[in-house]
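Enquirer: My request is simple: use the sequences and hints to build the entire structure.
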Amino acid sequence: MTETKKIEYVSYLDRQGEYKGIFSWIFTLDHKRIGLMYLYAIMVLFFVGAIMGLLMRVELIAPGETIMKAQTYNGLFTVHGIIMIFMVVIPGLSVIFGNFFLPILIGAKDVAFPKLNRLSFWIYITGCILAISTQFLKKGPPDTGWSFYAPYSTTTGTNVIMATFAAFVLGFSSILTGLNFIVTIHQMRAPGMKFFNMPLFSWAIYATAWTQLLATPIIGITLLMLIAERLFGIGFFNPALGGDPVLFQHLFWIYSHPAVYIMILPALGVISEIIPTFCQKKIYGYKAIAFSSIAIAGVGFLVWGHHMFTSGMSDQARWFFSLLTFLVAVPSAIKVFNWLATMYKGSIDLKPPFLYALAFIFLFTIGGTTGLLLGSVATNVQVHDTAFVVAHFHYIIFGGMGFAFFGAIHYWLPKMYGRMYNMKRATIAWGINFVGFNLLYFPQFILGFEGVPRRYYDYLPQFQTGQVISTIGGFILIAGLILMVINLVQGARHGEIAPANPWQGSTLEWQIPSPPSLENFDEAPVIKKNPYDYK
Amino acid sequence: MANNTTHTTEYKVLARVLLVLMFFTFLTISVTTYHLAAFSVTVALLIASVKGFFVLTYFMHLKYESTLLRILVAMIFVLYAVIILITFIDYAFR
Numbered sequence: 001m002t003e004t005k006k007i008e009y010v011s012y013l014d015r016q017g018e019y020k021g022i023f024s025w026i027f028t029l030d031h032k033r034i035g036l037m038y039l040y041a042i043m044v045l046f047f048v049g050a051i052m053g054l055l056m057r058v059e060l061i062a063p064g065e066t067i068m069k070a071q072t073y074n075g076l077f078t079v080h081g082i083i084m085i086f087m088v089v090i091p092g093l094s095v096i097f098g099n100f101f102l103p104i105l106i107g108a109k110d111v112a113f114p115k116l117n118r119l120s121f122w123i124y125i126t127g128c129i130l131a132i133s134t135q136f137l138k139k140g141p142p143d144t145g146w147s148f149y150a151p152y153s154t155t156t157g158t159n160v161i162m163a164t165f166a167a168f169v170l171g172f173s174s175i176l177t178g179l180n181f182i183v184t185i186h187q188m189r190a191p192g193m194k195f196f197n198m199p200l201f202s203w204a205i206y207a208t209a210w211t212q213l214l215a216t217p218i219i220g221i222t223l224l225m226l227i228a229e230r231l232f233g234i235g236f237f238n239p240a241l242g243g244d245p246v247l248f249q250h251l252f253w254i255y256s257h258p259a260v261y262i263m264i265l266p267a268l269g270v271i272s273e274i275i276p277t278f279c280q281k282k283i284y285g286y287k288a289i290a291f292s293s294i295a296i297a298g299v300g301f302l303v304w305g306h307h308m309f310t311s312g313m314s315d316q317a318r319w320f321f322s323l324l325t326f327l328v329a330v331p332s333a334i335k336v337f338n339w340l341a342t343m344y345k346g347s348i349d350l351k352p353p354f355l356y357a358l359a360f361i362f363l364f365t366i367g368g369t370t371g372l373l374l375g376s377v378a379t380n381v382q383v384h385d386t387a388f389v390v391a392h393f394h395y396i397i398f399g400g401m402g403f404a405f406f407g408a409i410h411y412w413l414p415k416m417y418g419r420m421y422n423m424k425r426a427t428i429a430w431g432i433n434f435v436g437f438n439l440l441y442f443p444q445f446i447l448g449f450e451g452v453p454r455r456y457y458d459y460l461p462q463f464q465t466g467q468v469i470s471t472i473g474g475f476i477l478i479a480g481l482i483l484m485v486i487n488l489v490q491g492a493r494h495g496e497i498a499p500a501n502p503w504q505g506s507t508l509e510w511q512i513p514s515p516p517s518l519e520n521f522d523e524a525p526v527i528k529k530n531p532y533d534y535k
Numbered sequence: 001m002a003n004n005t006t007h008t009t010e011y012k013v014l015a016r017v018l019l020v021l022m023f024f025t026f027l028t029i030s031v032t033t034y035h036l037a038a039f040s041v042t043v044a045l046l047i048a049s050v051k052g053f054f055v056l057t058y059f060m061h062l063k064y065e066s067t068l069l070r071i072l073v074a075m076i077f078v079l080y081a082v083i084i085l086i087t088f089i090d091y092a093f094r
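Note that the protein sequences, when read in sequence, are chains A and B. Note that our numbering numbers the first sequence so that position 170 is 170, with each residue one more than the last. Note that our numbering numbers the second sequence so that position 86 is 86, with each residue one more than the last.
If you are wondering where the hints come from, they were derived from the structure by calculation, not from laboratory data. Check before you lean on any hint, since a few could be wrong.
Restricting the straight-line Cα-Cα distance to at most 30 Å, the calculated cross-link-like pairs of lysine-lysine (DSSO-like) are [said to hold, decoys possible]:
#1 A/109 / A/194
#2 B/63 / A/115
#3 A/109 / A/345
#4 A/535 / A/345
#5 A/345 / A/115
#6 A/194 / B/63
Examples of chain A residues lying across from chain B (beta carbon under 7 Å, computed) [as the list claims (entries may be wrong)]:
#7 250
#8 313
#9 314
#10 317
By construction, the Cβ of each residue, glycine as well, lies at the ideal position given by its N, Cα and C atoms.
Expert: Structure representation (structure tokens):
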């Protein structure tokens with residue numbers, strides 16, 4: 001009987017289809033393989049972006065010119081931002097784990113449009129190549145910062161057109177992925193899988209997909225307007241041509257603030273999966289967490305103006321945006337309180353995924369509360385464009401999305417590759433990452449309060465202590481990340497064979513073999529219970 | 001769950017919608033000759049919204065879709081209306 005099963009079951013990694021070797025990946029329509037290709041691309045880009053970040057930290061280890069000139073620094077922080085924002089964290093969790101696990105979590109064989117999914121991936125790769133090529137083309141990398149603020153972006157001689165076009169192309173990939181996931185959730189759920197039987201990661205992906213679909217076209221049009229202004233001298237944004245630079249900021253942030261939620265919502269979904277599994281307890285407040293994802297996506301659309309408090313907006317608009325910014329903190333806090341309530345009296349197992357989830361809650365809470373300081377007009381004016389903003393942003397995006405990403409890969413790697421990683425080494429890497437991260441970014445809160453501006457390659461000597469601590473933190477963090485990746489790669493290649501359900505999880509992905517077969521399920525599962533039904 | 005029914009819209013209906021769209025396009029150009037000051041954007045957006053309504057209803061077959069889908073599309077319109085309204089809180093009081 002066992003023999004028969006072995007012959008019948010072929011994992012998606014071993015399955016030989018129409019194409020062989022590398023072509024079986026290039027032309028694949030399997031959502032799991034596409035998810036893995038995104039993983040590899042994003043990990044490479046993440047390390048490129050991280051090394052750029054580390055080079056900036058080395059430059060800032062002492063006042064004055066250290067290892068690079070000011071213009072190089074300007075190019076570096078711009079391309080670091082473009083890579084990390086548009087190519088790593090915006091697609092990040094959604095395209096990797098959304099692609100791999102969304103269909104499995106809702107009991108489907110694949111996404112609704114597999115060919116569109118493949119197209120999205122290759123559009124993404126095209127956008128990445130275009131963006132990175134700006135670093136090497138004749139006029140040099142753009143020096144506008146990742147936000148491409150006008151009017152400077154309309155006049156600088158660097159490769160702004162190519163960079164904005166790359167972001168435009170990447171946006172198409174994002175829209176198509178969002179559309180695919182929405183249709184998948186609406187049309188492909190297994191029998192009995194009602195909306196309120198879906199795992200919370202699916203809810204998070206659903207909310208994210210709507211934001212991708214509705215917000216991304218706005219940045220697309222805005223960037224095309226910027227290109228048109230540069231090429232044809234149309235005065236959209238440059239006051240010298242009769243344009244309005246604040247209009248650019250409005251249009252840019254109408255997308256780019258919801259984009260923060262595109263980055264963070266799937267992370268919140270991952271944490272909602274990890275916590276009940278490692279507490280062996282039904283999640284507290286399932287509906288509240290599900291609705292808070294929708295609420296974050298909805299209200300998150302209306303708070304963009306808090307990026308522009310010092311840009312010359314009207315006072316009425318400033319208090320209005322400030323009020324809405326405070327409101328968006330409510331659904332985020334609902335999630336945190338529900339996670340804590342889930343842990344209460346749970347059978348907590350401090351395995352690496354759970355450690356990353358704990359680190360996420362700690363760092364995300366610091367990022368969130370410092371966000372309220374920026375949401376308040378009075379304090380915002382004091383710390384606007386200082387290192388405080390850099391610290392806040394990295395606590396949310398790296399401490400939040402990044403640590404959730406690490407949690408997700410430690411949680412789902414046994415399912416993706418069918419092998420386990422070394423727990424002890426993963427725990428040590430987690431500790432190094434946590435210490436390194438806080439050492440890197442926390443001093444920047446203090447430096448910001450003291451008035452150190454962001455995006456400067458130089459500073460006054462009295463700020464050196466904080467800058468040195470921050471740079472040391474950067475090196476520690478990189479060491480932790482390298483250890484983590486080596487451990488995961490070794491685990492995926494040579495680790496012990498993983499059982500189907502190594503964490504005793506209750507959601508659908510743990511009910512199928514590790515790694516899954518091509519179509520995930522032998523027959524469509526019939527759902528009769530809540531996804532977090534722990535005894 | 002999937003709504004697999006298909007609807008064929010008569011050419012006559014499509015032609016009428018096309019004429020309506022052309023009329024509104026003519027109207028969009030015509031109103032620019034009047035000096036409506038702050039209301040010029042509002043009028044342009046209103047005309048564009050009416051055109052969008054016809055395109056969605058007839059060309060994109062929303063008329064024959066489920067109530068849920070129509071509600072979802074309506075919510076998108078409300079969202080964009082709110083975004084434009086909020087933007088104008090800045091411009092109106094600056």
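Enquirer: Please verify whether residue 109 of chain A and residue 194 of chain A have alpha carbons no more than 30 Å apart.
Expert: Since the Cα atoms of residue 109 of chain A and residue 194 of chain A sit roughly 17 Å apart, the hinted pair holds (cutoff 30 Å).
Enquirer: Quickly compare the C-alpha distance for residue 63 of chain B and residue 115 of chain A to 30 Å and report which way the hint goes.
Expert: Judged against 30 Å, a Cα distance of about 28 Å means the pair holds.
Enquirer: Would you check the hint for residue 194 of chain A and residue 63 of chain B, treating anything up to 30 Å between C-alpha atoms as holding?
Expert: holds, 26 Å
Enquirer: Have a go at the residue 250 of chain A hint: is there a Cβ in chain B nearer than 7 Å to its own Cβ?
Expert: Holds - the Cβ of residue 250 of chain A comes within 7 Å of chain B, reaching about 5 Å at its closest.
Enquirer: Would the hint on residue 314 of chain A stand, with a C-beta cut-off of 7 Å toward chain B?
Expert: Interface hint status for residue 314 of chain A: holds (4 Å vs cutoff 7 Å).
Enquirer: Could you check if residue 317 of chain A really has its C-beta closer than 7 Å to a C-beta on chain B?
Expert: holds, 4 Å
Enquirer: For the pair we were handed, residue 535 of chain A and residue 345 of chain A, check the Cα-Cα distance against 30 Å.
Expert: holds, 13 Å
Enquirer: Between residue 345 of chain A and residue 115 of chain A, is the straight-line Cα distance small enough, at 30 Å or below?
Expert: violated, 46 Å
Enquirer: Min Cβ distance, residue 313 of chain A to chain B: is it shorter than 7 Å?
Expert: holds, 5 Å
Enquirer: Check whether the Cα positions of residue 109 of chain A and residue 345 of chain A lie no farther apart than 30 Å.
Expert: Violated - the C-alpha atoms of residue 345 of chain A and residue 109 of chain A are around 36 Å apart, more than 30 Å.
Checked against the numbered hints above, the structure violates hints 3 and 5; every other hint is satisfied.
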